[in-house]
Amino acid sequence: MSVDPSHYLPGSNGGKPPLLKLQNISARPELNGQFGQAVSFSAGRYVVAVLDASTAAAAAGDANNNAAQPTFLKLKPENLAEAGSIDQLKFGAGMLVQSAKAYVA
1 MSVDPSHYLP GSNGGKPPLL KLQNISARPE LNGQFGQAVS FSAGRYVVAV
51 LDASTAAAAA GDANNNAAQP TFLKLKPENL AEAGSIDQLK FGAGMLVQSA
101 KAYVA
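Note that the numbering used here numbers the sequence shown so that position 10 is 10, with each residue one more than the last.
Please keep in mind that the hints were generated in silico from the structure rather than gathered at the bench. Cβ coordinates follow ideal geometry from the N, Cα and C atoms, glycine included. Keep in mind that the hints are not guaranteed to be accurate.
What the hints assert, rightly or not - Here are the computed lysine to any residue pairs in the SDA-like style, where the Cα-Cα straight-line distance is at most 25 Å:
| # | residue 1 | residue 2 |
| --- | --- | --- |
| 1 | LYS76 | ALA102 |
| 2 | LYS21 | VAL104 |
| 3 | LYS74 | LEU9 |
| 4 | LYS101 | ILE25 |
Unchecked claim - Ranges between beta-carbon positions, derived for each pair:
| # | residue 1 | residue 2 | range |
| --- | --- | --- | --- |
| 5 | PRO77 | ALA100 | 18 to 26 Å |
| 6 | LYS16 | LEU96 | 30 to 38 Å |
| 7 | SER85 | HIS7 | 13 to 21 Å |
| 8 | ALA43 | VAL104 | 19 to 27 Å |
| 9 | GLU82 | PRO29 | 15 to 23 Å |
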């Protein structure tokens, strides 16, 4: 199934890019199962910002500007899937736990 390249980009989703799950990345298997958001599409690949608790704080606009910057990767469309409801819930809960741990430390 072919997806319109703009489908994952903010401009086609009312300014809100969907949460994407990284998958089938053989060169860096540690990235499989992580989440990100597409920021652009060029030459058949998406530029994806990989998200975790520290980069999510940056995306939300950390008032102290102490948040880490995301890692950007160029990925083929077949290495991305739109996160379903359960994945979104897991991502949100994971971010909450990581943020709480950072706050307590």
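Tested hints:
no., hint, verdict
1, LYS76 / ALA102, "violated, 33 Å"
2, LYS21 / VAL104, "violated, 28 Å"
3, LYS74 / LEU9, "holds, 14 Å"
4, LYS101 / ILE25, "violated, 29 Å"
5, PRO77 / ALA100: 18 to 26 Å, "violated, 35 Å"
6, LYS16 / LEU96: 30 to 38 Å, "violated, 20 Å"
7, SER85 / HIS7: 13 to 21 Å, "holds, 18 Å"
8, ALA43 / VAL104: 19 to 27 Å, "violated, 44 Å"
9, GLU82 / PRO29: 15 to 23 Å, "holds, 21 Å"
The structure is inconsistent with the numbered hints 1, 2, 4, 5, 6, 8, although it conforms to all the rest.
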